[in-house]
Amino acid sequence: MILNVTFWAFSALAVFSGWRVFRADSMVRAAYWLLLSFAAVGIILVLLKAEFLGLILILMMGGEMTIMAVFMVAFMMNPAGLNPMTMVHRNSVAIVAGVVSFLAIAALGLFARFPVARAPAGVDPTRKLGVELLGNSMLVFQTAGVTLLAAMIAAIAISSARGRYGDADQGSVEPDQMVTAPAGDVAAAAAHDPAPVISPGVHQ
Amino acid sequence: MNALRVVIAVVSVGAVSVAGIYLAAWVDLLVGRAVAGLEVRPLDALSAPLRWGAATALKTRTTTERPDAETWALAPALLAALAAVGLAAVPLAPGLLAADVANGIVLFGAAMALVVVAVFLQGWSPNSPLPMIGGYRFIAEGLSYEIPLAVVLIAAALPARSLAIAPIVTSQEHLWNIVRQPLGLPLYLMAGLGLAFWGPLALPEGQDLAGGSSLETSGVSRILWRTAQLLVLVAVAAMGAAVFLGGWLGPLFPGAAWMIVKTIILLVPLIATRHFVARVPTERYVVVSWAILIPLSLLDVFIAGIQALVAAR
Chain A
29 MILNVTFWAF
39 SALAVFSGWR
49 VFRADSMVRA
59 AYWLLLSFAA
69 VGIILVLLKA
79 EFLGLILILM
89 MGGEMTIMAV
99 FMVAFMMNPA
109 GLNPMTMVHR
119 NSVAIVAGVV
129 SFLAIAALGL
139 FARFPVARAP
149 AGVDPTRKLG
159 VELLGNSMLV
169 FQTAGVTLLA
179 AMIAAIAISS
189 ARGRYGDADQ
199 GSVEPDQMVT
209 APAGDVAAAA
219 AHDPAPVISP
229 GVHQ
Chain B
28 MNALRVVIAV
38 VSVGAVSVAG
48 IYLAAWVDLL
58 VGRAVAGLEV
68 RPLDALSAPL
78 RWGAATALKT
88 RTTTERPDAE
98 TWALAPALLA
108 ALAAVGLAAV
118 PLAPGLLAAD
128 VANGIVLFGA
138 AMALVVVAVF
148 LQGWSPNSPL
158 PMIGGYRFIA
168 EGLSYEIPLA
178 VVLIAAALPA
188 RSLAIAPIVT
198 SQEHLWNIVR
208 QPLGLPLYLM
218 AGLGLAFWGP
228 LALPEGQDLA
238 GGSSLETSGV
248 SRILWRTAQL
258 LVLVAVAAMG
268 AAVFLGGWLG
278 PLFPGAAWMI
288 VKTIILLVPL
298 IATRHFVARV
308 PTERYVVVSW
318 AILIPLSLLD
328 VFIAGIQALV
338 AAR
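Taken in sequence, the protein lines are chains A and B. Quick note on numbering: the first sequence equals residues 29 to 232 in the working numbering. Quick note on numbering: the second sequence equals residues 28 to 340 in the working numbering.
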């Protein structure tokens, strides 16, 4: 009884907050409505006895939605993310796509034949998951892990404050676009024309 | 019988929260006066948190231009709720556990990972520049404390071969984790300071931002924000006592008494850092964390792993 009420309450919360994502008028609000939706799904996973997966989902999404909010605010040129904006674009296409995917998922839920095999009692799902990740599928997950690590290091290298053209907070100095004349030519020009010569390529 | 036990556990989490917050505020005041060379009057200081609360509640509430009022009101409540969930994951005595889950360490980690959301929203929602900078600053340093915190907790769980906290406590029957994993507790406490944005790591609320993320927060919200911050420290100290100092284990006295003593032993130095250690610049903290603290925490989990392998033989 309590289990059912909890399930329906958090399902409703997940759907409601998922809808609010598209009604919010700010990237930050939208990101945290989405976090609330994910947290509700995480609690449903806990109810389904996938305790570790549910908690890990909440743990990961807290950081991920925050980073997403920061990046979206940065790309939207919307300082602080407080300025009103709309989260939906190209309404007719979006409505068709939304209705079609809802019908597809609803049809799947109604007509698909789900397995009814019950998990045997006394199984520790966390342990099973660990054996799966670090036993049979170890190579797959370790490969994915190293790939992600390489991507992370590359992203940090690209966004690092210490760049090729100096520190980012000092303002970068562009490389010379002009071919610097050999020193002899400059001296000859100076001898010909007594006006001060500003040599291209020498930063004052 | 089971329901009764849950009720007792939940009530004791509430009692520990209130007592812990009050103790933290009291110790903070006493240490502050002692360091400043003022006369320490413990009995007078006992009523000081209440006087501060009354004065703060009675002050005129300030507001800003076009804040996100709902989020602003909810951010302190979110922080308090997360700290309470973290504390609920800690067993106060054998069987006295409010959140009796098989993955207690993960529950604690999930609650603490969401603290960044509460601090960011507190800084973002007033629509004011300095709080917002504080909020963004907390995101920028987030991983610098989250990774060492998670890694040393995983190392502490290794000897128990369980993610539940009670087996981690009982696995320390012969040797506490503070001895077995000497790197664990110092790294954990440093990460805890970052998590609670307290003392040397009060970066989102630093004086260089004139108070940062809670600069514009006043009235009851301010009281709740401060108490929630102290509750984060209490939760960090309680979890540290359980996973590094053997939790309820100890001779003669009942387990709960040992747990309370050990929590206080960790809580007092955490609080006192505010008066003894200068605030660290954000950039230096992030660099030191990634270059030193995170590698050390990986070394810690490596040592714990080798010990677990040797013990399994």
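What the hints contain is simulated information worked out from the structure, not anything from laboratory work. One or more hints might be untrue.
Derived DEER-like restraints, expressed as beta-carbon distance ranges [as the list claims (entries may be wrong)]: (1) Leu136/A / Val33/B: 34 to 42 Å; (2) Pro227/B / Ile30/A: 28 to 36 Å; (3) Leu157/A / Glu310/B: 36 to 44 Å; (4) Thr90/B / Ser188/A: 49 to 57 Å; (5) Glu200/B / Gly163/A: 52 to 60 Å; (6) Gly163/A / Trp79/B: 50 to 58 Å; (7) Val33/B / Lys156/A: 21 to 29 Å; (8) Val315/B / Ile30/A: 42 to 50 Å; (9) Gln334/B / Gly163/A: 40 to 48 Å; (10) Gly158/A / Arg32/B: 43 to 51 Å; (11) Val159/A / Val38/B: 34 to 42 Å; (12) Ser188/A / Thr87/B: 30 to 38 Å.
Just so you know, even glycine gets a beta-carbon here, dropped at the ideal spot from N, CA and C.
Going down the list of hints, with the structure as the test:
no., hint, result
1, Leu136/A / Val33/B: 34 to 42 Å, "38 Å, holds"
2, Pro227/B / Ile30/A: 28 to 36 Å, "45 Å, violated"
3, Leu157/A / Glu310/B: 36 to 44 Å, "38 Å, holds"
4, Thr90/B / Ser188/A: 49 to 57 Å, "40 Å, violated"
5, Glu200/B / Gly163/A: 52 to 60 Å, "30 Å, violated"
6, Gly163/A / Trp79/B: 50 to 58 Å, "56 Å, holds"
7, Val33/B / Lys156/A: 21 to 29 Å, "28 Å, holds"
8, Val315/B / Ile30/A: 42 to 50 Å, "48 Å, holds"
9, Gln334/B / Gly163/A: 40 to 48 Å, "22 Å, violated"
10, Gly158/A / Arg32/B: 43 to 51 Å, "30 Å, violated"
11, Val159/A / Val38/B: 34 to 42 Å, "39 Å, holds"
12, Ser188/A / Thr87/B: 30 to 38 Å, "46 Å, violated"
Hints 2, 4, 5, 9, 10, 12, counting from the list given before, are not met by this structure.
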